[in-house]
Amino acid sequence: MSEERRKILQMLSSGQVSAEEADRLLDALDRPSAPATPAVATLHARPRYMRIEVHSEGDDEGPVRVNARVPIQLLRAGVKLASVIPPRAQEHVNEALRERGVPFDLSRLRPEDLDELIEQLQDLTLDVDQDGDREKVKVRVFCE
Amino acid sequence: MPVLARLGLRVGGGRRFRLWIPLPLVYLLLAPLLVLAMPVLLVLCLHAAVNPVRLLAVAGRILAATRGAAVEVESREVSFLVHIR
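Here the protein sequences line up with chains Y and B, keeping their order. Heads up: the first sequence begins at 5 in my numbering, then just goes up one per residue. Heads up: the second sequence begins at 489 in my numbering, then just goes up one per residue.
FYI, nobody ran anything at the bench for these hints, they're computed from the structure. Quick caveat, the model's predicted, so the values are computed rather than measured. For every residue, glycine included, the Cβ atom is placed at its ideal position computed from N, Cα and C. Check the hints yourself; a few may be wrong.
Said to hold, decoys possible - Here are a few chain Y residues that face chain B, going by a calculated C-beta distance under 7 Å:
#1 19
#2 23
#3 68
#4 70
#5 71
#6 73
#7 78
#8 81
#9 85
Said to hold, decoys possible - Calculated lysine to any residue pairs in the SDA-like style (CA-CA distance at most 20 Å, straight line):
#10 Y:84 - B:550
#11 Y:11 - B:493
#12 Y:84 - B:551
#13 Y:140 - Y:123
#14 Y:84 - Y:121
#15 Y:84 - B:493
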């Protein structure tokens with residue numbers, strides 16, 4: 005835990021700031037500092053989050069919005085988790101994926117592959133529109 | 489490591505409940521349970537041929553990486569949000 009975070013939590017526990025103010029301060033700490041020049045920032049900016057937005061316009065229950073922000077570090081950690089899975093279990097997973105038409109080998113999953121995927125996702129916005137009889141679903145996946 | 493979890497819930501047209509949870513306190517409360525669960529975890533790891541040290545390292549890494557994660561679901565009837573900071 006950084007010193008700034010510790011101070012904010014101490015201020016919260018001592019009642020110097022409200023929970024909402026502490027939340028805003030922690031949010032400000034999470035935000036990257038302003039870049040000197042936008043051009044340089046664009047060149048070196050690396051996405052920190054993958055965002056998934058789902059907007060469904062159901063007839064009966066009204067519109068439903070889902071907004072999820074997944075840290076890229078969490079995806080990296082997930083790849084590491086795959087390496088911990090014992091080989092026998094990996095075979096079972098691979099077989100189950102193959103049966104569902106996904107020919108994917110878990111043992112070949114490497115952090116470098118994820119880097120490549122993130123690199124591609126940086127400039128990708130995926131829009132899925134499903135026009136059914138009753139509802140319309142829009143899904144957006146992008147990195148920011 | 490994440491230090492604060494913000495939870496929000498609204499059911500129907502009712503009042504929105506918000507809850508801020510200081511996670512270091514949760515870690516302190518769960519630490520004794522983790523120590524108690526350690527032998528069981530060790531036996532399970534040996535049975536499944538998984539390196540327990542590596543598993544713990546990855547679990548710690550996943551926990552640390554959850555900082556910044558957020559999920560918000562909003563519909564006419566229910567809305568909830570989870571923010572981890």
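Here is what the structure says about each hint:
{"no.": "1", "hint": "19", "verdict": "violated, 14 Å"}
{"no.": "2", "hint": "23", "verdict": "holds, 4 Å"}
{"no.": "3", "hint": "68", "verdict": "holds, 4 Å"}
{"no.": "4", "hint": "70", "verdict": "holds, 5 Å"}
{"no.": "5", "hint": "71", "verdict": "holds, 4 Å"}
{"no.": "6", "hint": "73", "verdict": "holds, 4 Å"}
{"no.": "7", "hint": "78", "verdict": "holds, 4 Å"}
{"no.": "8", "hint": "81", "verdict": "holds, 4 Å"}
{"no.": "9", "hint": "85", "verdict": "holds, 5 Å"}
{"no.": "10", "hint": "Y:84 - B:550", "verdict": "holds, 9 Å"}
{"no.": "11", "hint": "Y:11 - B:493", "verdict": "holds, 17 Å"}
{"no.": "12", "hint": "Y:84 - B:551", "verdict": "holds, 13 Å"}
{"no.": "13", "hint": "Y:140 - Y:123", "verdict": "violated, 30 Å"}
{"no.": "14", "hint": "Y:84 - Y:121", "verdict": "holds, 15 Å"}
{"no.": "15", "hint": "Y:84 - B:493", "verdict": "violated, 24 Å"}
Hints 1, 13, 15 from the list above are not met by this structure, while the remaining hints are.
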